[in-house]
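Number of protein chains: 2
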Amino acid sequence: MDERWIPARVGDAVTDVDTPALILDLDRFEGNLARLMSAVQGRGIRVRPHAKSHKCVEIARRQMAAGAIGICCQKTSEAEAFLAGGITDVLISNEVVGDRKTARLAQLAARYPGAKVGVCVDDPRAVAQLARACEHARTQLDVYIELDVGHNRAGVTDIGAVVALGQAITSQASLVLRGLHAYFGNAQHLRSIAERRQAIAAATATAQAAQRALIAAGLRCDVITGAGTGTFMLEAASGVYTEIQPGSYVMMDIDYAKNEQELAWPAFEQSLMILTTVMSRRKDAQHDRATLDAGLKSFSTDSGPALPAFAGWQVRGVSDEHTVLERNGAGPDLLLGGKALLIPGHIDPTVNLHDWIVAVRGDRVEAVWPIEARGAIF
Amino acid sequence: MDERWIPARVGDAVTDVDTPALILDLDRFEGNLARLMSAVQGRGIRVRPHAKSHKCVEIARRQMAAGAIGICCQKTSEAEAFLAGGITDVLISNEVVGDRKTARLAQLAARYPGAKVGVCVDDPRAVAQLARACEHARTQLDVYIELDVGHNRAGVTDIGAVVALGQAITSQASLVLRGLHAYFGNAQHLRSIAERRQAIAAATATAQAAQRALIAAGLRCDVITGAGTGTFMLEAASGVYTEIQPGSYVMMDIDYAKNEQELAWPAFEQSLMILTTVMSRRKDAQHDRATLDAGLKSFSTDSGPALPAFAGWQVRGVSDEHTVLERNGAGPDLLLGGKALLIPGHIDPTVNLHDWIVAVRGDRVEAVWPIEARGAIF
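Protein sequences, first through last, are from chains V and R.
For the first sequence, the residue numbers in my numbering are 868 to 1245.
For the second sequence, the residue numbers in my numbering are 868 to 1245.
Since the hints were derived computationally from the structure, they do not count as laboratory data.
Mixed in with the good hints there might be a few duds.
To be verified - Pair by pair, the computed Cβ-Cβ distance ranges are: (1) V:A1080 with R:Q1128: 54 to 60 Å; (2) R:Q1128 with V:Q1153: 55 to 61 Å; (3) R:H1154 with V:Q908: 38 to 44 Å; (4) V:A1080 with R:G1229: 17 to 23 Å; (5) R:Q1034 with V:A1197: 34 to 40 Å; (6) V:A1178 with R:K1125: 49 to 55 Å; (7) R:R910 with V:G1229: 44 to 50 Å.
Think of the CB as a built atom: it goes at the ideal place given N, C-alpha and C, for glycine as much as any other residue.
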């Protein structure tokens, strides 16, 4: 994070923010925080938002203040940034494998003896590595068995393997078996409500069978954690999941906005945008073209490019540092040097391209938050 | 750049490097440096490599040592990183527009009075902004008129507009008209030789006409700069271009490797790879699956995902921090905790995701270079 490259100061007008910059609309952001918590209130479900979406300690603090019990991370270096920022309950919802990586995780947990640090496993060799690392660092880790409930990315499917992992974890004094990690990632982006209902019903049945097998083997399974922004209402209502992990809900993106919405579900608003400057403009017989100063290095395109937050313009091309818009209907004119807002296609890898979130209320900058875990891939 | 997250130390075995990490094969890298310079030797063409590909001061220094006359950047903040690193001739091959941005550029040039700093323009309003900023900072800038030679992203096409811009620049005591920026980006990725030849022939004719018009109007046009890794041999042979700007050639990627190659052209080798760890492994009746610990936050997918650098495996899915490989033929086994190399699809936005380049010779780490201009989007 380079202080020289900070795009705004508190009190700046939004139109004076340097570009490209991530702009967080605080009213919408706070609304999203409240919508999530009130949607699951009274259901006895714990909320552990996924911080890989925002990578920002200040957002995690606000999620905790709104009632979250902790956060998820995807990497040890990410967890490090949040523990350093005072978040004391962090689950790495991912496998950590190999002596170098397990040693680093155990050393991190040892540095924060008052914090809860959790990690997922899907292989007994990783259990042994984690235990050795914890013994060496004189610390303990919470461990969750990753169950593959349909995502087919990591995790075990076989009930026998779940029980064997449970026994392996329990046999280690330095590891505490907490339960199951049962996240169905692909289900988040199934467009129809019916498909998502079906996917999470199947995931719930698988998780429940694994939990019963652990308990039947005399093992504990107090926590079943999973769910994202596309399905969390289903896991929350399942009676089986004890914890949900939505991440994108605070900021949203084009991909999530494509999901068919249940009327009874909270309607999250797009709170994060990318502010750009019109750096080249052509208006002649052939073209009505505006070129913006943000491209592949300011937003990811894995779910399509960032799109204009206004009518009348479409994306014709994206390169490293440019997005070319061409007029395709009625909408605002774009002036050379003027600002234009884009909506990100996929929030998580887009935020990871920036060092700062410029938090605005109305047309004024209220705060500039560092993205401490940007680039925390280790 | 966070020193805590450095993936390797000098002398480490490559297999001990923490992952995900960018691995630069120094033998191939040095070969690519030499191949470029010898390919254009004796043609009277100057080489100004584009540093937006690597964003690394040490690589720029080596390009200069091999005979480059300076570098290109795409943003003022990028130029700042290279000037701070001792590169004293930097062309921002892009427009810089608006009072805040032009002020910053002029202040940067003023901080390095011994350096040459250039910028592109395609609008007289930007010329006026640059001049005001330079007067205020008591400095001068080299200015290039961006000519749209087919890329249709920025730049002017009309010869009258070229001459008007030339006059506007020349009328400002703080601006020095250097010539034309005539880069045909899309042509770099045209697959067939014939298409690239045709595109650059047309670009050359356009550039020559613009140059003649400037000279006829009593203006100077000493430099015509452009070209990338896919076409630079054509610009070098054009007799019109005086300077080429290849960037990807030092590291290469899957997209460039898809181009049909002329036999007489230098055959650049893939020198940059992404080292990953197998973090989950499934081998059963249904699956032979290896999940790697690198995803959308370790490589960009705008030109397709990173692909295995070894046979027998294909990419089945990519998410934020995972790439799922599935076996599809004969090839090495992948073991849990073992390492796997991926070839990036598109080098520029991939390098921008990392803080460090791990430079290796054979199986040993020879150096670890910071990527100083990572995230320099302003």
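In ascending order, which of the hints set out earlier in this document are inconsistent with the structure? The structure conflicts with hints 2, 4, 6, 7, although it agrees with all the remaining ones.
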